[in-house]
Amino acid sequence: MSAAGTDIAVTAKARQAVGGRERAIIATFVLLALAPIAAQAGPQGYIIDLITRMMIFAIAALSLDLILGYGAMVSFGHAAFIGLGAYAVGILASHGVTDFVVQLAAALAAAAVFAFVTGALSLRTKGVYFIMITLAFSQMLFFFGVSLSAYGGDDGLSLPERSRLFGLPLFSSDKGLFYATLACLIGCYLLCRAIVASRFGRVLRGARENPVRMTAIGFSPYRFQLVAYVISGMMAALAGALLANQTGFVSPAYMSWQRSGELLAMTIFGGVGTLVGPIIGAMAFLALEEWLAGLTEHWKMIFGPLLVCVVLFARGGIMGLAARIGGKRDG
Amino acid sequence: MAEALLSVDGLCKAYGALTVSDNVSFEVAPGELHALIGPNGAGKTTLIHQLSGLLRSDSGHVRLGGEDITRLPMAERVHRGLARSFQITSILPGFSALENVALAAQARSGSSFRFFANAAREDDLNAQAMESLRTVGLQGRASTPAGVLSHGEKRLLELAIALATAPKALLLDEPLAGTGKEESQSVTATLRQLKGRFAIVLIEHDMEAVFALADRVSVLVYGKIIATGTPEQIRNDPAVREAYLGEEGEAAHA
Amino acid sequence: MSLTLFLVQTLNGLQFGILLFLIAAGLTLVFGVMDFINLAHGVQYMVGAYLAAWFTALTGDFFLGLLLALPTALLFGLLLEWLVFRHLYGRDHLDQVLATFGVILFLNEAVKVAWGSSPLSVPIPDAFSGSVRMMDGLLYPVWRLVVIGSGFAIAIGLALLVSRTRLGMLVRAGAVNAPMVSALGVDIGRLFMIVFGFGAMLAGFAGAMVAPILSVEPGMGDNILILAFVVIVIGGIGSIRGAFAAALLVGLVDTLGRSFGPQMLRLMLDPSAASQTGRALAPMLIYILMAAVLIVRPAGLFPAQR
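Residue numbers (our numbering), protein chains in the order written: chain A, 1 to 331; chain B, 1 to 254; chain C, 1 to 306.
Hints in this document: simulated from the structure, not taken from any laboratory.
Glycine is no exception: its CB is placed at the ideal position from the N, C-alpha and C atoms.
One side only, chain A facing chain B, incomplete, derived with CB under 7 angstroms:
#, residue
1, Ile195
2, Thr215
3, Ala216
4, Gly218
Given these sequences and hints, build the entire structure.
Spelled out as structure tokens, the structure:
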């Protein structure tokens, strides 16, 4: 029967795609874990620094994918949460509180409250209006940061020292921060993967595909979307807390709308709704930026058109491209 | 007649000057299949939207098992046992047929704010979903993405989803819409099987199916119920013949 | 607060609002008719300013420069439409955001390459330099009045165009139901191109008009773009009338909020706290306004009739 035939083919293909992603992410994590060792051959400090940064943005892109790819919530203000995380670290450190657990708890709490309040309001709107209202809220936070003259205002503030973990200076070495970031990235990935497959994630995905249907079987998508928004915001705040440590510096620029745009770009660049895609997308994005910036001062003139080309010619981003290449090879 | 499970009392809905539901009242007893027929634009789908909670009513009451549910949102009505299907197929195309139904089962068994365990591996939900799929004869298509099912299969999946919410009453909006002859036979057979187990409000254009399945029929014209009765009474009601079966009467008997 | 200062700031707010309207008008039409989020609309404003600065320097006359800058801005907009944007109609909003973001990166950098990264300045045309005495103790720069006047003239012209002409009718219909317009046999591709080019030119005009009073520099379109989005969201997407009302509202609230917010707060708080909070709150005001409007009216103040 032809119907049964396509049936099997479809599921086999889907399973293959998931299997491919699984392999890709394991390979990525292993390579990352080995990177500091390999980097000994080159400019180690620079490479470790760069890869730490890549992983931090991978966490942020991953958190965005959770609401964007699985909840169809296009947030154009996700950088606000990075800023909240970074400022929690920066402000506490400037008052002498350097314990990362305390800083992180403050970052997560601030992000959760901000996400809950703004999410509860934003989710009343749909589509383009949602994009714009999330942007508006992040702009508010941006200008609030600019007005914080006690903490450097427009110029931002420098961290007196990197965070400590239970009193130990674990982050003070670049390698320490590197592995801490890697652990956070793996943790966030596993968490997102579990959430997406869970009961909660299933409702979220269902609401993305057909909200009316979800209501007709007895779910109110709003509450699920709001909780996802809060989780996502907290995860991005974690990235912000790490970013403050990596750069040793916090400023309102972390929350600018261009940053939010970059986060969207990273996520789409890698492939929305795949979890693996945004991780790879963020890394590829920053690596490309770094490489082009090394080539020419005007690297944005190459980078901009490249983004346009990704949209026009490579639907589904890197993961989409990989799936098509894989599909061709098998078919 | 037994105590009504679903009772509709003086329901109204107007868009500006246009009245789409005009003082509609009827009752459905447990296990009864009550068909609503009427020409296009009579307001049948609007009425189903009002009953299911997708649309707010201007006035009137809907009661389920004696409880007034008129002001409840759609999701709450489902929890109280009022499920519906859609005229235009409304499924989750990217989910497998089984997951479509399992989600409906999930909605009524336990909290959905669980973040860690894999929902697709919950045997209990899958078993309930499989049971619903079996009822409509889709058990062989459980792992197929719903989006690639044939049209007739999608109509059956709609029914399976509604069943998995463990309803007391079903609101079925043209379950035969767009089906071919063979498909419509399998949907009709499924409906016959459901009859007697649930209170059913059925909207359908296929008169053959309506007169074969319904215990009672109400005729809706311009938002008003002009007659209610057994299929036989309706067939012979002169007002109905005039207003509605007039042109289509021949086809209905064919 | 003195009445004079209040009037001056009101005029400043009006001028800012008119500027926002000129940018938002094109944005809201492109958005409403084509369902297309064009982040690159802000760079078109920048390009207009640069072209005006460049042609003015070449010809030595601002109005000659403006005359040359407008068609060039139009051509430039059409070129962008042809190269990039027309391939994005009907695509996901997300794709549009990303692609037009790429266009911003490119153009912000391109003007640096072409004209350097330090700001250009354009002298105010001689005939309109200086100030005019509007009442006792109230001197106001003539050029700003010219900006306000020309903005109002364009707003009236646009309103007539949209409400009286066949093109305007199509645009209004397109904002409500684009597929239906194309089903009527209208060449929707051409309609889009016209609307797009027109919007680009209006943004370019706005850039050119403020070139003499602002510094012309790379990235000057980025922040104004976000404000223009705030305007069209408050006004209701696709509505020229809404854009006009919202632009003036945003311009006035922002300008008056910044200058008088701290003073108002002083009535409730002690002076230092008031100026602190005032400075923090003032730039957030319009975003608070937007959030408030969306919460009460999720489709803006003047939603296109659907």
